[in-house]
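Visitor: This is what each chain is made of:
Number of protein chains: 2
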Amino acid sequence: MADTQPPPEQTEPAVIELLGLLAYAELVAFDRMAADARLAPDLTRRAILSEMAGREIDNFRRLADRLRELGTDPEEAMTPFVGPLQDYHAKTEPNDWLEALTKAYIGEGLADDFYREIAGFLQSPDRELVLDVLHESRFEEFSAEEIRAAIAADPKVANRLSMWARRLSGEALSQAQAVAMAHAGLVALVMVGVGDQAASLFKRLTSAHSARMTSVGLNN
Amino acid sequence: MADTQPPPEQTEPAVIELLGLLAYAELVAFDRMAADARLAPDLTRRAILSEMAGREIDNFRRLADRLRELGTDPEEAMTPFVGPLQDYHAKTEPNDWLEALTKAYIGEGLADDFYREIAGFLQSPDRELVLDVLHESRFEEFSAEEIRAAIAADPKVANRLSMWARRLSGEALSQAQAVAMAHAGLVALVMVGVGDQAASLFKRLTSAHSARMTSVGLNN
Chain A
1 MADTQPPPEQ TEPAVIELLG LLAYAELVAF DRMAADARLA PDLTRRAILS EMAGREIDNF
61 RRLADRLREL GTDPEEAMTP FVGPLQDYHA KTEPNDWLEA LTKAYIGEGL ADDFYREIAG
121 FLQSPDRELV LDVLHESRFE EFSAEEIRAA IAADPKVANR LSMWARRLSG EALSQAQAVA
181 MAHAGLVALV MVGVGDQAAS LFKRLTSAHS ARMTSVGLNN
Chain B
1 MADTQPPPEQ TEPAVIELLG LLAYAELVAF DRMAADARLA PDLTRRAILS EMAGREIDNF
61 RRLADRLREL GTDPEEAMTP FVGPLQDYHA KTEPNDWLEA LTKAYIGEGL ADDFYREIAG
121 FLQSPDRELV LDVLHESRFE EFSAEEIRAA IAADPKVANR LSMWARRLSG EALSQAQAVA
181 MAHAGLVALV MVGVGDQAAS LFKRLTSAHS ARMTSVGLNN
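From first to last, the protein sequence lines are chains A and B.
Reading the first sequence from the start, the letters are residues 1 to 220 in the UniProt record's numbering.
Reading the second sequence from the start, the letters are residues 1 to 220 in the UniProt record's numbering.
Isolated chain A (complex conformation):
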């Protein structure tokens, strides 16, 4: 027993949970971004947000394929995460184009940083898969440019979007807590990986978030 090697496929329940969470996050992000694209002031910008949504569904497909490869029904793996993620999106429905972009920029940025950290605790090929489905920087750059330009045109916009960004990160954190409470395996995966570095992980996440806020002229 003691010298039994782990199977070549990494199929711990926590990894399945993580992939299920990511898959549903992509599916619902697709849905919300596609809807938010209607807020765009012109067809060119609408197309860019629609394309961002398109990448989410491509990523969903890769995660769902991997879940099937691991012998798991993607729908089953996603179901536990429907509540918290729907809740997050319902509570952070953007009212206009700038709020939609700020949500894409801040919300996806936070999520990406978190998943990037977690990826470090995974084995191949799941590590590479998770890193691969992170958002393309050209979309991040687009959102950041739009926000900067709006603030340059009207500095009052910064206050409104700063408050909005605080709400986004607050809601994200509270939904993350809900997920963590219901998914001990997932938490254990992170905790074992993080070890005594939890404080520094949290510091990295918050300082990356602050940097993103500052970079587009928003206050923490």
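For the record, the hints were derived by calculation from the structure and aren't laboratory data.
Misleading hints may appear alongside valid ones.
Claimed, not checked - Listed next, the stretches of chain B that the computed footprint assigns to chain A, with coverage defined by at least 3 CB atoms under 8 Å from CB atoms of chain A:
hint, region
1, 20-32
2, 153-167
Claimed, not checked - Here are the simulated distance ranges between beta carbons:
hint, chain 1, residue 1, chain 2, residue 2, range
3, B, 136, A, 197, 44 to 52 Å
4, A, 200, B, 152, 27 to 35 Å
5, B, 167, A, 38, 21 to 29 Å
The structure presented is a predicted model; accordingly, all values stated were derived computationally and were not measured.
Note that CB positions come from ideal geometry on N, CA and C, so glycine has one too.
Model the placement of chain B on the given structure of chain A, informed by the hints.
Guide: Chain B alone, transformed into the frame defined by chain A:
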């Protein structure tokens, strides 16, 4: 003058119009399918319609890139088609999952047949581009299977969906007429290509439409 060769790039205004029409059709189809995916009875089906929407935005990107290559701003090329296509979609908003799938199956099927015919009148590389952005048959097969299964489970569904399909093709035809009246160049492109074969083109389109209807158990 008489023996001047046409430029290597086929940049007739009618071709730009056609690519602009197709590009906007993809952008709006993305938007509508993404919204319709919410009508799905489960996450698996929702994901499939979301993926169909994802392909539309990929196709949009290719058409927009081609328009830029031809020196045209995609937004400008799409703008004339916003009215008629929004109108078509506003008048054919599905009320449930089966109506959404029937719209995808019948509406996209009709449009694809039409664009396939037009592709024959284009030169390379636009001919290949238009053929390439037609819908993948695996999505058509998925929609057809779902409709057949629903009718098998409850034969009354056939009547309701048959009426819906007639409304879809009626609205599509009336919007196509609106587009044709406003875009003489596009009509000329088709007419020159079709020549005296207009009647047989129309016959091919209607018989393909009938075959699609019959194949899933709907009445013409």
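Visitor: Next, verify each hint and record whether it holds.
Guide: Cross-check of the supplied hints:
no., hint, in the structure
1, 20-32, "holds (count 4)"
2, 153-167, "violated (count 0)"
3, 136(B) / 197(A): 44 to 52 Å, "holds (46 Å)"
4, 200(A) / 152(B): 27 to 35 Å, "violated (59 Å)"
5, 167(B) / 38(A): 21 to 29 Å, "holds (24 Å)"
The earlier numbered hints that this structure contradicts are 2, 4.
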